[in-house]
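**Student:** If you want the building blocks of each chain, they are given just below.
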Amino acid sequence: MLTAVLLLASAALWAQTTLKNGMAALEEKYGVRFVYDASLPLEGRVESVTGTDLEECLEQLFAGRDIRYEIKGNHVVLRKVRKVTLSGYVTDASTGETLIGAGVFSGNIGAVTNSYGFYSLTVPEGDIELSVSYIGYGRKTLKLRLEKDWTQDVALIPDARIRAAEVTGWKDTGIGATSLGALEIPQSVIRRAPMLLGEADVLKSLQLLPGVQSGSSGSSGLYVRGGGPDENLILMDGIPMYNGEHLLGLFSVFAPDAVKKVTLYKSSFPARYGGRTSSIVDVRMNDGNAEGIHGSVTVGLLTEKAHVEGPIGPNTTFSLTGRVLHSGLVELVGRPLGLPANYFFYDVHAKVSHSFGPRDRVFADYYRGKDYFRTDSQEYVFDHHYDDNYAAYDRYTDTRSQFRLRWGNTVAGLRWNHVFGGRLFSNTTLSWSGYRSNMLTMGEENVDDDGYRTLTRNEFQYFTTIGDATLRTDFEFTPSPAQTIRFGAGVTRHVFIPDGMSLSLREEADGKMVRDTLLHRSAGTYMPGWEASVYLEDEISLGRVSLNPGLHFALFSASGKNYPSFQPRLSARWAVTDSWTLKAGYSRMAQYVHRLPFARVNLPTDIWVPVTDRIPPQESDQWSTGVYYTGIPGWSLSAEVYYKDLRNILEFRNNRLVFSGADQWEKTIATGIGRAYGAEWLVEKTAGNLTGWLSYTLSRSERRIPDGSINDGRWFPYVNDRRHKISVYGDYTLNDRIDFSATWQFASGDRMTLPTRHSFTMGEDGLQEQLYIPSRNNWTVPPTHRLDVSVNFRKKKARGERVWNVGVYNLYAARNPDFMIYNENRRWTRTLPDGTTQSSLDQEEIPEGRIYAIKRSVFSVLPSVSYTRTF
Amino acid sequence: MKKIYLIIACFLPLSCETALFPDPVGPEREIALQARILTTDTLHTIHAAYSTHDALESADDLTVACYVNGKCMAVTSDSEPETGSWGEEVAWRAYRLRADIQPGDSVRIEATGREGSAIVRVKAPDAPPVPVVSVEKIPRKDGGGFDDPVYRFRIRVDDLSGQRNWYRMVTLGRQVVDEYRPEGHPLYLHDWTEEGGWFRVLDKTMDIQVDNTKDPFLNPDGRAADSRNPDYLANQYNMFSDELFEDGTVNLTLEARVRDYFKIDNLATYSICSYRRSIAALFDLQSLSREDYLNSRMLEMRYFSLTGVPYVDGLLSEDIVPPDNVEGGIGFVTVRSVSRAVCDFGERELPDGNFFDWPLE
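Going down the list, the protein sequences come from chains D and Y. Numbering-wise, the first sequence is residues 1 to 871 according to our numbering. Numbering-wise, the second sequence is residues 872 to 1232 according to our numbering.
The hints are simulated quantities; they were obtained by calculation from the structure and are not laboratory data. Just to be clear, a hint being listed does not mean it is correct.
Only some residues are given here: those of chain D computed to face chain Y with a beta carbon under 8 Å [as the list claims (entries may be wrong)]:
1. Arg374
2. Thr756
3. Ser759
4. Tyr772
A few chain D positions that, by computed beta-carbon distances, are all more than 12 Å from chain Y [what the hints assert, rightly or not]:
5. Leu332
6. Ser559
7. Asp842
If you want the footprint, here are the derived chain Y segments under chain D, 3+ residues with CB under 8 Å [unchecked claim]:
8. 893-900
9. 958-967
10. 1144-1156
We treat Cβ as the ideally placed atom computed from N, Cα and C, and that holds for glycine.
Take these sequences, add in the hints, and give me the full structure.
**Tutor:** Structure below.
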C-alpha cells in the first residue's frame, strides 16, 4: 500500500501549490529555466500537474491563464497573451445579405451580429477556432491564427434544416437576450403564416405573439400590453413611420419580400429606443443580393408583388420591391373609360448599398406608399325652359362631381456605417419621414342655354400632414467579449400641419370669368417641434448574470415649452442553471406625438399632433419579470408578468368631434392616467418538421380621467381591454415540396359603451330623452376566434422556384365582431297595398324600446390562392 | 365631408349582422330626476319620470319634498304634464316646490313612489361677486341697410377666491310697461276703474341672444356656432371656468342687438292712454358645480348627428356618460347660485304709444 501511495505521489508533482512553486518544480525536474518579464502575473495556486513531458506539464500549468510559453533550448520564455479584436460581417453566402443576430463564438467567448450584420469579438492572440451559426443556415467553423486585430467576414450557406434548437450562441432576442419582452418574428412565420386573403403581413404576424392584441378582426393595428395603436414606434431601417397601414388597417405597409428581420420590444426597452410608450417594432429591410440578379413575382387574389435585387458593380447592391392592388392596374384603363369609383394602394421600396471597403458602407433607402380612393359622377340633363318673354329655349346641364382621398407615407434615408479599429462601430443616419392625407371634393355645373354657357365650380380641399427630418448617430463599442457599450444622439425637426384647407368658387358666363374667388384658405395650423435625444447603455456579462443598464434622455420643444425627460432603463438576466433563466426589467418611456383616432377604426383623416403647452408628453413606467426554461431539447417555455403605469394618456371626451382640426382637438380630449398589467405564457417548439407555439395572455387595462370630464373621474376599462388571448401557430414541413401552416386565435371581446335603460337629460336649452349609460366601455363585446390554414406547393425550377399558396381564412366561418354598434328596438308601421297597416319590430324577440347590440361580421370564410415565381 | 364616412359604410352592407341581447342591468323600474334650481327663484321645478329598460314612463304618483338645511320647506304630490320642444307629450312630469334657497344651503330632494324612493343631496355653490357692467352702443346696419345698432357690454367678473369655480353668464332683458288710463274712461275693459292712473301692463323678462365672438376668453376663435359645421364649439351658453384667472378677474365682451331689448309682443295699446317703459339688461352670473359645468358643455353638442348614417354615427362617436347624483335612482339635480347685475337703460315716456321708436341716444 505504501508503494502504491508513493507511486501515486510521484505521478503528480504536487497536490496543490502556488504557480511559482510549480514552476520551480519543473525547473528542477527538467533542468530548464523560466525567463519572463517581472510584470507578468504569476500569482495564484495551481492544481497537480500530471504531464509526462515538459510541454504537457507547461500546458497544464498555464491552462486558463493569459500566459504563453515558448521552449527555447534550456529556457522557457513566458509572455503575456495579448488580446486581439476579430470583427467583420456575417452574410448569406447565396445573396450577400447581412445576417442580424447571428452567433459568433470562439470557445467560451461569443458575440452576436448587430442590426447591420457586424460583429466584434476580443480573443487571445494565437490559434483560435471561430464558429458562426444562424437559424436556417449551416454552421461554419474557421481556424484562424491571430497575431493582431483582424477583419474576417463570414458567409453562411442556407440550410433550411437548421432550426433554432441547433443554433447556439448568444442572441439579441428571446430567451438568450438580457432584455425581456424582445421577440423576433421569424421570416418563415411572416411569409408562411396564413393571413387575410393570402396576403402575408408583417404587423399582423406580430399579433400572434403574446401580449399583442389586434383591434377589430383583420386589422393590423397593434395594442401592446394595454397600450394604444399610436403608442408603437414602427421603424423601417431605423426611420420612424407614422402610418403603418393600408385600407383602414387591413394591410400593413411592409411588403414581406423586402423585409429581412422584424423585432418587437414589449418591455425593458434598450436605451437606444425612445419616443413611444408601448412598443418598438424594428423592421430591417433587405440590402440586396450581391451574388446575382434574383427576385420574385407574386400574383394573389388582391395584389401583385414584384421583387428584384442584385449587384450593380462589384461593391454595390440594390433591392427593389413593389406591390399594388389589382384595382390599381385596373385604374390605368378604367378611369379613361369612365369607371365611376375605385380604390387601390401601392408600396414601393428601394434600397441601394455600397461598400467602400471593410470599414465603410453606405445605404440609401426610399419608401413610398399611397392609398387612393375616388368617386366620379356625371349627369347630363336636357330640358326646355322659357324666358321672361315666354320664348322657349333648350337647356343642357352637365353636372360633375369628384371626390378624391389620398393618404400615404414617404420615407427616405441615407446611412453610413463605419468601423473604427474593430471594436467601435458607428451608424449615422440622415432621414426624412412624412405622412400626408389629402381630400378633395369638386362640384361643377355647366349650363348651356341655346349657346349661352355658364359654369359654376366649387372645390374644397383638406389636408393633414406630418414630417420629420432626423439626423442621428449610434455607436457600439465592444471593449471585451463580456461588455458592449452603446451610445448615441439624435435630433429631429417635426412639422405638424393637422388642418390645411382651401375653398374656392369659380363662375363663368359666356366664356368670360365672372368670379374666381378663393373663399377660404388656410395653410393649416403650423405646429413645429424639435426633439433631441442622447442615450447610453452598457450590456455587461458577469458569468451567469448579465445586466443592461441604460439612460435615455430626450428633450422636446413645442409651442414655446420644453419637455425634458430622463428615462432610466434596466434589464437583468440570471442563468440560474443551463436550463433555467430568470429576468427582470424596468423602463421609463415618453411619447411626444399622438394620433387622434376613432374608437375602433383608423381612418386616413386621423391627425397626428404634438404635445403642446397644455398637453404634456405621455409617459409610462413598466416593470416586468419572467422565468424561462429550455431544458427540453427543441422546446422553450416562458412565463412573464408585467405592470405598466401610464400618465398623460389622451381620451376623447364624451360625444367627441369626428373631424376636428388643430384649433379644436385640444378641447375635445382629456388627459388622464392608465394602468395595465398581466401575465403571458409561451410554449415554443423550435425543432423538427413541426414547429410553432402556443401562447396565452391574461391582461387588464384601465383608464381614469381625474378632472371628471369622462366617466365622472372613475376608472373605466380601456377600449381594447381584452381579458384573455390564446394564439396557436403551427408550421409543418412535409418535404421539400409541401409545407402547411395554421393559426388559431382566440381573444376575449374588447369593450364598448352600451346604454342600459331609458332616461332624460337637461341641457342649457331644455330637456330631452336620452339613453342612460352608467359608465364608459361598460360592456364586453363577444369574443373573437378564428382558424386560418394555408399550404404551399413548391417546385424547383431551372432558375428559382414556383410556389402555389392555397389558404383559407376563418375556416369555420366564425362570426366575429368586426364592427359593433347598438340600437333601440323600434316599431315600424307600413301601409300595405290594400290600405291596411302592418306593424313590426326591429327585433321581435325583445320588447319595444329595449336596447340591443348589433354585431357586424365582415370577414367570413375567405379562400385565397396566390402564385409566386422566384428567379 | 360626409363622403369619407362612406368608406366605412361601404363595408357595412357587405357584412352580416347579428343582434345580441344583453341581459338588462339594474332594477326594472327606477325614479329618474332632473332639475336645475336657481337661488334667484322661489318656485322650483323637479322633472321626474320612471326609467325602465324599454321606455321612459310617466311618474305621476310621486311625493316630492324639498329640504333646505335639513328643514322641510315644501312637499307636493301634484304634478303637471310637460311637452317637448315640438309640443309633443313627454314622459316626465313637473313637480313644483316653493322654497327659498340661498347660496351655501344644503338641499335635499326626496322623491317617493310605488317603486321606492330616490334622494338627491346637493349644496348650493357660493354666490359669485356681482359682475360690473358697462355698455356702449355701436352703430351697425343690417343687410337691408337699416340701422341695427348693438350694445357692447363689458362685464367684469371677479373670481370667488380660494376655490375652483365654474360659471355661466346668462343674458336677459327686462321690459316693464306702465299704462296711464285717464279717469272716467272705463271703456269696455272690465278691469278698468273709474279712478284712472298708472297701471302696469307688462313686466317681462326674456332671454337675449348675445354674440360672444368678440370675446377671446369665451370664444377664442371668434367664430359663431354653425349647424353645418357641428365640429365647432362656439360656447353658445357662455360657460367658463376660472382655470385661467383663478382668484383674479376676467373681462368679458358680449354684444346684443339693441332692438332685442325693445321688442314688444302682443301688447294692446290705446290711443287714449299714454305709456312709459323701462328697459334693463340683466346679467345673471351663475356659479355651478364642476359636474354641472362639464355636463352642460358636453350636452351642447348632443343635437348634432355626425354623419346622418346611424351605423356610422354609432361607430365613430363616444356617447355621453352623464353625471348621476340621485341615490336610489338616476338623474342629475343641481343648484346654481346666481348674482345679478343690472344695466338700466332708464325709463321713457311714450305718449303716442309708438313702441317701435326705441331711443337711439
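**Student:** Confirm or reject each hint.
**Tutor:** Okay, the hints, checked on the actual structure:
1. Arg374: Arg374 (chain D) check fails; min Cβ-Cβ to chain Y is 11 Å, beyond 8 Å.
2. Thr756: Holds - the Cβ of Thr756 (chain D) comes within 8 Å of chain Y, reaching about 5 Å at its closest.
3. Ser759: With Cβ-Cβ at 5 Å, under 8 Å, it holds.
4. Tyr772: holds (6 Å)
5. Leu332: At roughly 22 Å from the nearest Cβ of chain Y, Leu332 (chain D) sits farther out than 12 Å, so the non-interface label holds.
6. Ser559: holds (15 Å)
7. Asp842: violated (8 Å)
8. 893-900: Answer holds; 4 residues pass the 8 Å Cβ test.
9. 958-967: holds (count 3)
10. 1144-1156: With 0 residues close enough to chain D, the hint is violated.
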